[in-house]
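If you're matching them up, the sequences are chains E and U in order.
For the first sequence, position 142 matches number 142 in the numbering used here, and the numbering has no gaps at all.
For the second sequence, position 256 matches number 634 in the numbering used here, and the numbering has no gaps at all.
One thing to keep in mind: the hints can contain errors.
Footprint (simulated), chain E over chain U, 3 or more residues, beta carbon under 8 Å [as the list claims (entries may be wrong)]:
hint: 1; region: 464-477
hint: 2; region: 650-664
hint: 3; region: 691-697
hint: 4; region: 711-724
Pairs of lysine to aspartate or glutamate, EDC-like flavour, derived with a Cα cap of 20 Å [as the list claims (entries may be wrong)]:
hint: 5; chain 1: E; residue 1: K270; chain 2: E; residue 2: E309
hint: 6; chain 1: E; residue 1: K270; chain 2: U; residue 2: E687
hint: 7; chain 1: E; residue 1: K270; chain 2: E; residue 2: E334
hint: 8; chain 1: U; residue 1: K648; chain 2: E; residue 2: D147
hint: 9; chain 1: E; residue 1: K270; chain 2: U; residue 2: D526
hint: 10; chain 1: E; residue 1: K270; chain 2: U; residue 2: D672
hint: 11; chain 1: E; residue 1: K270; chain 2: E; residue 2: D331
hint: 12; chain 1: U; residue 1: K648; chain 2: E; residue 2: D136
hint: 13; chain 1: U; residue 1: K648; chain 2: E; residue 2: D138
hint: 14; chain 1: U; residue 1: K648; chain 2: U; residue 2: E687
Hints listed in this document are in silico derivations from the structure and should not be mistaken for laboratory results.
All figures in this text were calculated on a predicted structure; none of them were measured in a lab.
By construction, the Cβ of each residue, glycine as well, lies at the ideal position given by its N, Cα and C atoms.
Protein chains: 2
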Amino acid sequence: MTLSLLTLDTPAALIDEARMMRNIHLMQARMNALGVRLRPHVKTSKSEAVIRRQLAAGAQGVTVSTLQEAEACFALGITDVLYAVTIAPARLEQVSTLRRQGCRLGILTDSLAGAQAIVAAGQRYDEVFEVWLEIDCDGHRAGLQPDDPRLVQIAELLSAGGMRLAGVLTHAGSSYALDDPQALQALAEQERACCVAAAERLRAQGLACPQVSIGSTPTALSALDLTGVTEVRAGVYVFQDLVMHNVGICQAEDLALSVLTTVIGHQVEKGWLLVDAGWMALSRDRGTQRQRRDFGYGQVCTLDGRWLEGALLTGANQEHGIVSFAGGCPDDLEQRFPVGSRLRILPNHACATGGQFERYHAVDASGAVTPWSRLHGR
Amino acid sequence: MTLSLLTLDTPAALIDEARMMRNIHLMQARMNALGVRLRPHVKTSKSEAVIRRQLAAGAQGVTVSTLQEAEACFALGITDVLYAVTIAPARLEQVSTLRRQGCRLGILTDSLAGAQAIVAAGQRYDEVFEVWLEIDCDGHRAGLQPDDPRLVQIAELLSAGGMRLAGVLTHAGSSYALDDPQALQALAEQERACCVAAAERLRAQGLACPQVSIGSTPTALSALDLTGVTEVRAGVYVFQDLVMHNVGICQAEDLALSVLTTVIGHQVEKGWLLVDAGWMALSRDRGTQRQRRDFGYGQVCTLDGRWLEGALLTGANQEHGIVSFAGGCPDDLEQRFPVGSRLRILPNHACATGGQFERYHAVDASGAVTPWSRLHGR
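Bound conformation, chain E alone (with noise of 0.2 Å):
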């Protein structure tokens, strides 16, 4: 049977394809006009058709966070990615058998402790580890300032104990808690100058520091000049969500991921439509929360992708979505939109949105769908 938005089983993960595109080539052309690389975080889609796409528009390698995701995008064939969550010792065995396979798996560390850990599995298997140092451009999260004196010591451990410095490494994630563009131009001048310093601090002490990689989709799309910078990171910029309009870095039109729904009820008198999509659908991201504008767990649209001004998805049970109108609820709730229609809803976090499903549903230009599976394991 054909797959059509109408008789495919709700909820559903749908992605525009054509959106998905804009999205993919938009950002590839921004790194190639600022000469860096760019590398993709593969979390956000977590799907080989995806991947493939942004790979053939130019990418160069992928940012995974996981070894599972790892070994699944080695799986099909790609030999340069980097795993960009700090190493815990016990999967150093798993990296090595990567490794030994043809992966050119890059790991990451933080603290001395990490970089002894590193070395140790490193004489146990025989194997010289790439290593990358995490660097803290804004406080919000791990690695080690440029100018800790940890980061010559970590970098001066590794590199005597026969590892591979492959370069630092930095993320610029408070990133997402803006929405002014020149905070945003100076917040990813930051994560350059930042990075590039500590790479410059281990060169000076004659340590090999061949690469730079920076990124987060907010900053990315707002650097201006990235000097110094090897390649870039980003991952949600593909499918692009409602926190990254709050943060002004899309449009409404370039929001690809939407979730399918089928109205099951209303409570006419609380201006209420019952969905069956709730919080295993949407995920549980309440992530424009805090911005400048709240959308719920969702901004309700039509079938067709056009916003319903003021309805959103106000709350989630399991299964259930309870949608309610801000601007006042229609006088014919139940004519306009009875039992058994169709809606979609654009998420806050289109990555935890994709998380909650097995696979996608690309709808292209034409209208077609198509099932586009996720990477096998989490």
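Using the hints, position chain U against chain E.
Using the frame of chain E, we list chain U on its own:
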């Protein structure tokens, strides 16, 4: 290789089997004492091993929130299945298929439009659907109030159309917002009285209403009398969680689900531990945010399950968690929780956290670890 909490890949969803069995027996004993059947909601665990233990302890039939759960339960040999989400007309063909295969699958409606669709599908598929009518006992979601004239109209429409009226059903979902035993008892009585009133209203019209199904974990564990009720549905009681702990219907030592995680770094100046459990493991559920005690994304425990008082997962990215210490960070943070050491995190909402994993790992009283798969599909 024998599985152990020291070698299991992290993050992992652990079930403390002794605690879970205590939860199962406690709820079953209460329902036996109150003279009602227990029909557990399998959406919490979605796990054969868990469901079989609930049935072995005396539960009769299951409640599901998707048709995929219904199919999976039927494949396990469970024939008494209640799909407790208002039916979307497009699902009636699949319901009919399951019923023809021998699954006594009940469906739910709360609207004339829904009832009309059921009757039409009954004629189309030559099927006598077993239909439950949803009652709204606390205004929190779907259902009709017992005195709504549509209740009798819907029942008459279904009956005249040759469908079987199974009974009335309600869920006091607002109980999650309470934390006072007397208020919980009062809501449990409201849930009971409201649903029984709906049944009596139908019976007074000469309509069949053999069953009266109510339930939520907080009201089921608070009810003093269930006169007129035939069955209770509850889900999260099997694992319990921090939200239920705040509601006051379980103790810390009843929480059976936790996430095993590995320490991957520190930010000593900030007093942070970085761990490999983010929202992809815990979910984005912040159910304790508006309760009397906010646990962030989870309560941190030692590997053997002891609460680290004041240690909460206060930040969650996709595969990173940030642990901070409310009472002040230990001076020996890096020594006490070295890179590679392991912790357990109790979740806000067990259904949401379970939903992030493909399988559980059950830990029995001897410490032995056994993988328990989740049901295939959504």
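ask   = Which of the stated hints cannot be reconciled with the structure, identified by number in ascending sequence?
value = Violated hints (numbers, rising): 6 and 10; every other hint is consistent with the structure.
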